[in-house]
Amino acid sequence: MKNSPLSIFIRNLFWMVPLTISIGLWEFTWPILFQLVLAYIGMIILNPSVNRIESITQKRGLSVFLVLMAVIIIFIFLINSIWPTLRRQMIDIQSMLTMDTFSNLIIKLELISKDLLPNYLFLKTQAILISMDALFSDIWQIITTDIQGIISKTGNLIFAVGSLVLSSIFVMVFLVFLLLDGQHFKRVFIHAIPNQYFEMTVKILDKISDSISAYIRGQLLAALSVGVTSIIGLYILQWISGINIPYTFIIGCVAGLSNLIPFIGPIIGMLTAVVVYLVSVQVVPVQFIYVVSIMGIFAIVQLIDNLIVSPFIISGSVGIHPMFVIIVVLVGGAISGPLGMLFAVPVAAILKVIIEELRWGFKNYKFL
Amino acid sequence: MIIKNALWSNIFKTDSNESSQTILALKQVPIFNGLSERDFNTVLKIVHNREYELDEFIFQSGTPGLGMYIIIEGDVVIKGMNSEGKNIEFARLSSGEFFGEISLIGEDDRSTNAMALSPCKLGAFFRSDLLDIITRSPKLGNKILLNLAIVLGNRLTKTNELLIHGEMGK
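Note that the protein sequences, when read in sequence, are chains A and B.
The first sequence runs contiguously to residue 368 in our numbering.
The second sequence runs contiguously to residue 1170 in our numbering.
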């Protein structure tokens, strides 16, 4: 019998066995799974370009080769042009994360509040700052340890197996196979599904893959736009006002990446720029107006993102309630620290899409 | 000299007999008229091969329509409700014939049930597959779309004729 439980079980062994092994030996398999996820994201980004070139060349293999060559050339160009600056800024920022910098920040904050507030309010603020000094320094210590941890561990996380070069090769190989045979893998999986659920599975897989692709592409495009516009905005502000905001590239990266977290993300980027401005050596005296200007730059960045970039992104947002975002970010943070906080919302958004599509499928195909 | 390893060649071989059977069935479908051998191989890679048992539903009315089925082997019956609410048989189809092609264009729910009248092999060609072909191979996509338009146009003409001759009410 083709649809007997035994037959269905045997037909599905090809994915159930690897999945069981992956979960059972999680400790050893997660780096490979992580590389697979990176390759999958790569496929989502590159697939439209490969399809476009394939429509001209009519050869999938050649199209994949041409796109990957272009990616490698751009990657080499970026490594040569931006990486040295970024690396230097990362090392500088690591050495800057000390308690002296914290004292400097408190002094600057006092200066600004003295400028801004009437005397009696300033004295109150100063008293509050002094009374909360221990608390603030604890927070600072936690943040700096986390940031240093991220900088030193990001490499380990991305390239958990062996060296950077070896892992890049693995990701590249997975990417090539996914670009060449992604559709075939999907068909093999669908083939194992019982007839009863066949159409529903095809529809759900299509919808999930469309939604996830649109979401990931949208988020990456928004992150890139926020990152680049932040860097440009900060450069323009420095040029006009003469203030010094170092580590512009790092701030751009932080603003872009933290943009993955709705509501909270844009504030993180802005605060990073403000703190960096306050703790750096300035020729022009520190004034509140410059802090407001930096905030204004990030407001403009968000405005550009929301008015110009986002309308071009289909399904860029998956509509998660702000309260749920905060819960998810906290859970992500509890599981794997700041990086968990960063990726918690995208993971939750993808899970939400999967659950919604499954519910839609079961309801419309009358299984619910 | 190439020495073939029987075990591995059996594990990794594609069922060429099944493929040629599917291509033969595809060649009888007007939607694939005028396609080259290479085009047929492209379509073959996309079509889902399914096997159904006697009396098994292929699709049911009211479910979202995904695309068409091509009968490679066996018989299929298309049933549905008429205007009086009676369950009637619309058509009996056999190998080389196809059904569900309207779903290649619209996203409407299925209006009929399709059921296997005998154990049968079907090839499923869905809207998402057609869109994929249009993106990756516009020339082939256009050929299929034009054929699909001709098939649907012919059906419309026949329906008009039936309406004019009052056959619909009988």
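It is worth saying that the hints were derived from the structure and are not from the lab.
Note that the coordinates shown come from a computational prediction; the quantities given were computed from them, not determined experimentally.
Mixed in with the good hints there might be a few duds.
Stated by the list, open to error - Derived DSS-like pairs: lysine-lysine, alpha-carbon spacing no greater than 27 Å straight-line: (1) B:Lys-1027 <-> A:Lys-59; (2) A:Lys-363 <-> B:Lys-1027; (3) B:Lys-1086 <-> A:Lys-366; (4) A:Lys-207 <-> B:Lys-1086.
For each hint, the structure was consulted:
no.	hint	in the structure
1	B:Lys-1027 <-> A:Lys-59	holds (23 Å)
2	A:Lys-363 <-> B:Lys-1027	violated (36 Å)
3	B:Lys-1086 <-> A:Lys-366	holds (22 Å)
4	A:Lys-207 <-> B:Lys-1086	violated (35 Å)
Of the numbered hints listed earlier, those contradicted by the structure are 2 and 4.
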